[in-house]
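Following the hints, put chain B in place on chain A, whose structure we already have.
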Amino acid sequence: MRKTFLTRSPSVLIFLSLLALFTLTITLASQGYGAGLVSTSFVKTLGKTLCLCLAALAMDLVWGYAGILSLGHMAFFALGGYMIGMWLMYARTEEIVVASLANGDLPATAQEIGQGIVTQIFGVVGASDLPLIWGAAHSLPLQLALVVALPGLLALVFGWLAFRSRVTGVYLSILTQAMTLALALYLFQNDSGLRGNNGLSGLQNLPYVTASQDVVTLWFFWASAAALGLTYLMLAWIVAGKFGSVIRAIRDDEARVRFLGYSVESYKLFLFTLTAILSAIAGALYYPQAGIINPAELAPIASIYLAVWVAIGGRGRLYGAVIGAAFVSLLSSWFTGGRAPSIPLGFGTLNWVDWWQVLLGLSFVAVTLFAPKGIGGLFDRLAHVRAPDRKGAPLGPDDGSLQEREATE
Amino acid sequence: MRLVLACLLTLICALPLRAETAADILTANAELVTKASRQTIGPVIDALAASGDPAAALVLEAWADKRLGLRKSDGGFVLLTPDADGYALRDLAGADAGRAAKSEITELKPNAGVRGLIATALVQFTLSDPDPARRRAALESIAKDPKPEALAPLRASIALETDPALFAQKQRLERLLTLRFDPSSAERIKAINSFGADLGLDLRGALNPLLATTRIAVAGDPPADSNIARPLKTGRDLTDTEAYDLLVAAKLAPARLTLEAQRTALVANLSGGAVGGIALADLNTQTARDRAYTALETAGAVPQAATDDEATAALAAHRFYDIYTEADPAVTTAATAALKSIGQKVAAMQAADLALDAMSLASIYFLAAIGLAITFGVMGVINMAHGEFITMGAYTGYVVQLYVPDYTASILIALPLAFAVTFAAGVTMERLVIRHLYKRPLETLLATFGISIALQQILKNVFGTQARPLTSPAWLDGALSLNDVVQVSYIRIAIFVLALLFLTFFLWLMKRTRLGLEVRAVTQNPTMAASMGINPDRINMLTFGLGSGIAGIAGVAIGLFAKVTSELGTDYIVQSFMTVVVGGVGNIWGALAGATMIGGFQKVIEFLNPSNTLAAQTYMILFIILFIQIRPRGIIALRGRAAGD
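Just so you know, the sequences run in chain order A and B.
Numbering-wise (this note's numbering), the first sequence opens with residue 1 and increments by one.
Numbering-wise (this note's numbering), the second sequence opens with residue 1 and increments by one.
Keep in mind the hints are simulated off the structure, nothing from the lab.
The beta carbon of each residue, even a glycine, is placed where N, CA and C say it ideally should be.
Examples of chain A residues lying across from chain B (beta carbon under 7 Å, computed):
(1) Thr109
(2) Ile174
(3) Tyr186
(4) Phe188
(5) Ile304
(6) Gln357
(7) Leu362
(8) Thr368
The following block holds chain B by itself, in its conformation from the complex:
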């Protein structure tokens, strides 16, 4: 604070010193400059800074770098460039001024305090630099490391700013610095209140240090001038051990005896197989050791250590407080209020962010589960190899990218190709295996599981165990950032859109096309459908292929943000089954509801316990098991004949 005051004062006092050029100022104050000290040099530096001479910045930089010298012959100041046997000289305007030997020059060596003053003065030059990029860099460096000294030059530079964006930035930074460093409390409170519930991280970063607290322990009342944040109660706000440690640190109580120290003391006083009259062999309980130590204390062989009773008494005799390092209560009150209103807004934004996160996770689960909802939900066939179809889709994307280097084009090729590959795989599997097992659902599960382990191992043998890259196009990088709290990456938005597309496509297919009609007919009553001239074999094959194909597309989408390994699908298979089971079998809306619920629930648990995603999954599965108790047929259950069994 004092420093800023001093700067301001000297700024005013220095006015009479104002001269035309930097050289004039230096010459006029040659005495001060050569014997510069932090206390006296201020007016000179300020005069240089205020001179408006373009050379001033050059001079100041050189001075701080110890490249400013005094020529002994005429007492003039010169800029130095040291070389092998002396200096190359330039005058203060930067023009060449010949050479000089080392002995002809007195080098100016400003101390650290003076260099600090010079650096502060230089800030103003960079803040008013004609190059906007340099101005922005200077602003950023101040914002990164706010210092009281930067306030004055920053204020001075605002009026000269021409760039509107930089102007706003400077104003904001000025208020941020004001609320921390301004000498007047009223100004600071005004600055705090001027922000309202601003969500910027920089504002919170500026406000939080104002509320920093330290813990103190006092015997009576707290010091009168301290700004108390809150009184602390032992047992509630801090443990007895922490409180006693505070007392020890404040030298209000003797240190307690640790078990280690006791042990060392006992060993040190071991004599003749006994310590303090207690035999060594008996020292295998804590009470015996305590007695031995007390005996040693009485004998004066070891220092006194606080006993439990003394410690309790000491705790009772003292009071503990959190006090703000900031002295002015009005400022801390205003900062607390501001942070509280910010906190409320941040909480609301976080809820929105959480909802967006949950939605994007739900769309991933929905994509992974939609194929399953078709094969399991509509056909009643459980396909354990569904996860491997997802993996195959992701690997298709990888292979396409090996041949098509353009990422946008490769993704556009990969999506239909993945569909084709997994559609073919699904149809083959249906023809060869599943067709024979329609009446034995448990065995379908096992047979498809056999296919699953075979496929997974084949993929592992072909592509290796290490993760393969599936790179998203550049336009999908980055995130849509609404403010410092709410951010959604474009890839998640793309997946959300893809999920919506598939929902629409599926609804259209099932409700508006001949194929959908036939699928629904075969699902509800295959015999009757067959009597109506529908070929159930063909329909089953196509439905299974469709479900598998969508798994392939989901694989490309998932591969864009997850690591593509042969175990990619296994990570999603249980969640996908859960999605279908929770949502309700045989209904696309069920899969949607299930995905939304599971995605939302998982995100909420992760939010409540952010350090532990494993626990989140555990609780989610437990929740699902319990949920099945309440609604055994899922959220959206089919009724009547369509429900089957």
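Bound conformation, chain A alone:
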């Protein structure tokens, strides 16, 4: 069974070996364990990119395979980041507070430590009690469970509400976008309990770990690579089976699948929740590397960028999503980082920091118009897979009807 799965999807083996090779190369060239050829900050960028690729995989499954254009998956991504960030910040602050209280005249009581932590974390928003949602922040296992549970639950409830009332297509996109906006606005409040627009910071410092950032960065890099590889394997297995056929059928014609007796809503709900959880895991790996998270990360635009990556990489193929996310996000950080050379024109200079977004937007339009398959289409061309070249006007009013040229031939 396993053999047939791998032979049916040869891209899995190629992808996994490339990922392993890449991880090994970076490790050997890193400052932490290797020759020191690549800087730690670059390893961090690569690790973050791997997490974005993971989120893009989830987006590809829900959009490319099932046709649900969710503009809310980056919200789940950020929520996962918030959940892990709460533990990181709490534990780190606890470490500092205990250390500072140990110098006092009396040994500290539990209340004093608790009060010290609250003052440290919530002083900026003027709160003096630990908000309810931080109830589990002292425990890593509980908070890790929340990384999965909270976004999963949110996606489940939202998806259930949306799918049962048959909200589809662009309506669903707008509704998910509204959900993201609502969540972002909620988190922007100071009394939301998550430090308002200050967000959570200092996440790159692992509590109780004395290893240097060079090493810790590599740990996260490996974890991100492992998560990406495992997810890829799992998703490839899912889409290669019967489940994959059903969700592709839902994408192509939802009504027919429903008439065939499948519970379309259950499939969609499962998929929506699963991908939300995957995004949350990606976020939980991403933000400790980024070091800071704030509600701006939930802005609707972030989720739309996720869709852009998947579209440029190529929808409906897993490697397309990974390529798109890696390519566009690395290119984007290269351009916006000011490292791209400005182009002098006759009337002024083209400064890429300012004009990169314009290029991205227009190339995105171009991809949508002229290359709906994205970068993945190049691989089709290499493998000599051709789409039917249908020409002439359709003979009937419906999509996919016989076309003039086909009828005469």
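Frame of chain A, contents of chain B only:
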């Protein structure tokens, strides 16, 4: 109170002192004036004030300013202007009276109490000043800082008032002062009742201090003469901590031990690694610290502190009351009743104000969404760049104002120009991009989003990130104020009118013109429409251009009250989509209903939770998500074939 009484009494007693001129009065009372004290000088000042001599005001002012002096040679009063080596003198009528050296003059230096009496007397002069502007200024200064002393002069000046507006103002102020400061309770109650449910802020400002309360804690019954507002129950009206703090403040109970104080005491009594027989290392729980402190108390090393039991007993043994600072219960009852009836009227007015606010917000959403209702609703094309079209409209207004300095003219030019600019942009976009994607709505969303980020960045590169001003003409400044509660700014009224105009225009266009007929035909069945000789391509292009053009006009309108930045449109895009989705796609009435609902709902939430507009938006979006559950196709859903899929 006593002071006012004294003033009135002295006013009567002073009558025999009345003399012709200010100088006569001063000379007749020279003894009193030179040794003026607050208790004795009253009759003299009142006589001056009542003399009717125009010089009296001058004299009083000079006296209060320490510019009145006594010439030693003849004992006459003179006005002084100090200079380098003495004084320039004027007599009391203001005529020049030569010079004098410092030694020849005794300067009068009234103390603060006397100066206060003089200032009160002067109020009457300003209140009866021939210049109405000065009279109005005096009234305003009294209204701003009401004092009991102002009552008598104010009453005296009412009869002399000739200006009808000022007369009414004086009467109102007199009653406001009466209800606060009159010695007779009956007068005060009469004044309170004379207002009825008046909405003026000044009335509420005068009534509220009458109902000011203080909290007291007493062991038995409350003092007999106190005017009790209400008894307080611990746990319901005030927390145990607050109640105990009251007891401590009234010295009815010893202060409780704070954790900080306990800690300090423990540290201070640390000896040999232990406190009160408990080892230092064991003091890491609160119970251990309490035991150590009790041990110290027993040893007498620290002062006794109230324990929890003692605190509870003390709370049980005392009763707590809110008492009015105003002593007369009849006055407080009348004031409470008046405030209650005012409160009801204010609530009604606030509801009206809220409705107006909601309507103006709804018209903004309607303006922003109407273009979208055309492109999304009628054509089924989702245009994520709609927000950028709104921004382009606003920037068009800004650019026009750079060249046309007259604001009225510039707005009149900007409106059609913004329409033209965004119409052109919309048509270009439709021709180049959207036309190819009519069968792939999700991809239209993405492609237009690509255009949106490109446009937004281009606008940012051209106009910069800082907000640009789009100034409204002066006649749109200010607000239409119906009373102290209900106010609508003219700009909001203008936007409301603009929204109505567009509604009418759109209805006329769709129902009464050839173009509207063709648009509806193409919307319902493009193939059939094409068979009837309508060119669907052209119609789609025009419809899209129209929707975009209206977005541009909405941009000018929004820019008038919002900051014009490249992100202006993004703030409205989600709300606009919501408006269309909630209202029902494909129907202008739907957009109107959606805008009204969203605007109204948002204002109501903001009213319930005014400090937090972010929360209002969050709840509104949640509400919309739930609303879609009940009516998935919006408030006004199309039925039959027109509904499509």
